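Chains as they are written, first to last, in this note's numbering: chain X, 1 to 416; chain C, 1001 to 1416.
Hints listed in this document are in silico derivations from the structure and should not be mistaken for laboratory results.
In this text the structure is predicted, and so the values were computed from the model without any measurement.
Check the hints yourself; a few may be wrong.
Claimed, not checked - Below, simulated BS3-like cross-link-like pairs (lysine-lysine); rule was C-alpha separation at most 27 Å, straight line:
| # | chain 1 | residue 1 | chain 2 | residue 2 |
| --- | --- | --- | --- | --- |
| 1 | C | K1274 | C | K1247 |
| 2 | X | K176 | C | K1156 |
| 3 | C | K1156 | X | K156 |
What the hints assert, rightly or not - To list a few chain X residues with every Cβ distance to chain C over 10 Å, as calculated:
| # | residue |
| --- | --- |
| 4 | D110 |
| 5 | S143 |
| 6 | D167 |
| 7 | E182 |
| 8 | R268 |
| 9 | M315 |
Glycine is no exception: its CB is placed at the ideal position from the N, C-alpha and C atoms.
2 protein chains.
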Amino acid sequence: MENFIEKLTREQKEEVKRQMKLYTQGVQEIIPAEELEQKLAKSILNNEPLKIKLGLDPSAPDVHLGHTVVLNKMRQFQENGHKIQLLIGDFTGKIGDPTGKSVARKQLTDEEVKRNAKTYFEQFGKVMDMSKVDLYYNSKWLSKLNFEEVIGLAGKITVARLLERDDFEERIALGKPISLHEFFYPVMQGYDSVMLECDIELGGTDQHFNILMGRHFQEKFGKEKQVALLMPLLEGLDGVEKMSKSKNNYIGIDETPEEMYGKAMSIRDEQMIKYFELVTKFTPEEIAKIKADLETGELHPKKAKMLLAETIVSMYHDKEAAKKAGQHFASVFQQGAIPTNVAEIEWNAGETASPIDLIMHANLLGSRSEARRMIDNNGVKINGEKVVHKDEQLVISDGLVIQIGKRKFAKIRVKA
Amino acid sequence: MENFIEKLTREQKEEVKRQMKLYTQGVQEIIPAEELEQKLAKSILNNEPLKIKLGLDPSAPDVHLGHTVVLNKMRQFQENGHKIQLLIGDFTGKIGDPTGKSVARKQLTDEEVKRNAKTYFEQFGKVMDMSKVDLYYNSKWLSKLNFEEVIGLAGKITVARLLERDDFEERIALGKPISLHEFFYPVMQGYDSVMLECDIELGGTDQHFNILMGRHFQEKFGKEKQVALLMPLLEGLDGVEKMSKSKNNYIGIDETPEEMYGKAMSIRDEQMIKYFELVTKFTPEEIAKIKADLETGELHPKKAKMLLAETIVSMYHDKEAAKKAGQHFASVFQQGAIPTNVAEIEWNAGETASPIDLIMHANLLGSRSEARRMIDNNGVKINGEKVVHKDEQLVISDGLVIQIGKRKFAKIRVKA
């Protein structure tokens, strides 16, 4: 690649540095960082924005904070004048799974794809300025390829290279079948980057292999290679597993202010800084200060977490709602009768349990029938709210408090 | 599969047996033989011919005896009323090699494909009745497949299964790249069988994997599976390597009667019966008799080979020409001055050498300059013909005779 940096003025070089610092914030890996620097220099020199691609699965539009990690990174690029390319992988969605084995990959209709895209737009609008975003559907070019063109595409990648993908490697090792069509999902993702001529592709670290396919195919097609910008995966409320709907450890960006605030307050202390970095608009400098203040003890962890919770609620609702949610939380959990030191009981992440199970496990009462009676008499609270349904299966989250009468408490600590 | 045999009359059962014996002649493998038997029974019962597929590479229409092994098998089916489906793999030929690495697989134009198909027809006409043969081009269906349909096809086969093909397995083991598009050649061949709804696919043993793809895909598409009928590969004149143009060990079916006859006489004694079985119209019974007579000594090997040579020339020219070629051969090689016991010198198969090299290697003269003078003085013959060009590179074939003057002889014996 040409050296654009040496052509810049001193001020322009400073600008490259400033942007590099911003984009590097919270990032797991940039492949390669030197090329990102050169692309920024070229962009400044030619006064042309960079094109930033984000690929989206057309089937799962329920956005939670885990998704906003890349969205916040996109926003940073957008705020500095670069162009966001949202790519809906509708071609894959329309095909479904030809082996019929994967229920998750069911065939979507055109209407479903459009509706899901609209939902993405509405939800992403809470983070980015969607009026400046370009939207693409990959069926536009992929559905037009004929067999000869597919062969041409397949001729640009080796089987050995595809088998390097972790999950393929693992399945081969375990003797689990890989259907030949599965090789085409990374190939398609790579070809999308050729068609979009994007400069950067964003994704989670789990997209490492697929995003490098973009570099591979762009090179094979004689185009400038994209830079892979990989974000870490955000752990959910259990502090262990990747945030996801199926693990029930998520904060949805469509949840009520109270739910969001309460969930945010249950984030583990060790995760706080990561959340500040990955899902808020705080600058690297501001976060450095919070970190320092926590270390010196000038900022109490609980105060920091309240700041985080309020910030998150503000982003997806507004300041007013965030303030109210904070007050609600305080009245229920803090000004209530919960003592500061409560016995903790351990639980596995992601499991469910009924109120009676919880009471028994915490040894708060002597028998299941006693527990049942206590619930019937309105004597049991969970997270400050009266238990009505004895048999309801609750998702166990870290910090959940069970209360019997006025004096008996237990707090769940999810096992790391 | 339904049991059709039990529905046959005694005579019909005899007919199945007769055909089975015929089709089994010289065959390497039938996968599975029971299904072939059932298909024959069904064909007799319903009075419907079986469909016999032979796939052809559109790029190499120069037919030699090695190719006629499958043609003679086809002819047997045709003579019993079954339908021959010749499939020209023009889609592959038109694509060429997308990686551009294989020179052999260069892109062919429509015209070249048509011309090559015509040449096949002319040459095959010497073995089969081409007026009863159906001709297909696979571009008819393959060129129409779009990406979605290709994905559907790819969804019906696993990567592990494809990697079982010997050459793929070997390349993976050696770390040699396999381009993803190469996986599609066996897939296409399998899909062709789906489209042709053929009952049997013929090929050499080197087509084992590809022909089983036909069974695989027919089953996946809910069709009756074809039977694979694999013929052994015919060794060439060196008695070792598979007959092929590139090895220069072949008898072309367009060669002159004299060339054919001479080459046929150079076939190794041990190969004779195999040639009778694979490239002539002799029946299993007739061949059994020749074999027995050779064993008892009633038939001299030289006589048997003359019968073989005459039979081959008759097939591709006529009886008259075959007779004349036999006389020509006898006058040059047998009634000439070549003694019956000539010193033999060993040589590697497929190598080339100049007349001077041959003379020196056989120790017929003392020095290269002496050899050069002798050639200049018209004193050297090879296979009975005067050597004119001293430096011409000759392809070494088994039985080649070098003669210096009237008395000195040497005969090449190609190493097995």
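Hints, verified against the model:
no., hint, verdict
1, C/K1274 - C/K1247, "holds (20 Å)"
2, X/K176 - C/K1156, "holds (15 Å)"
3, C/K1156 - X/K156, "holds (22 Å)"
4, D110, "holds (13 Å)"
5, S143, "violated (6 Å)"
6, D167, "holds (12 Å)"
7, E182, "violated (8 Å)"
8, R268, "holds (41 Å)"
9, M315, "holds (39 Å)"
Hints 5 and 7, counting from the list given before, are not met by this structure.
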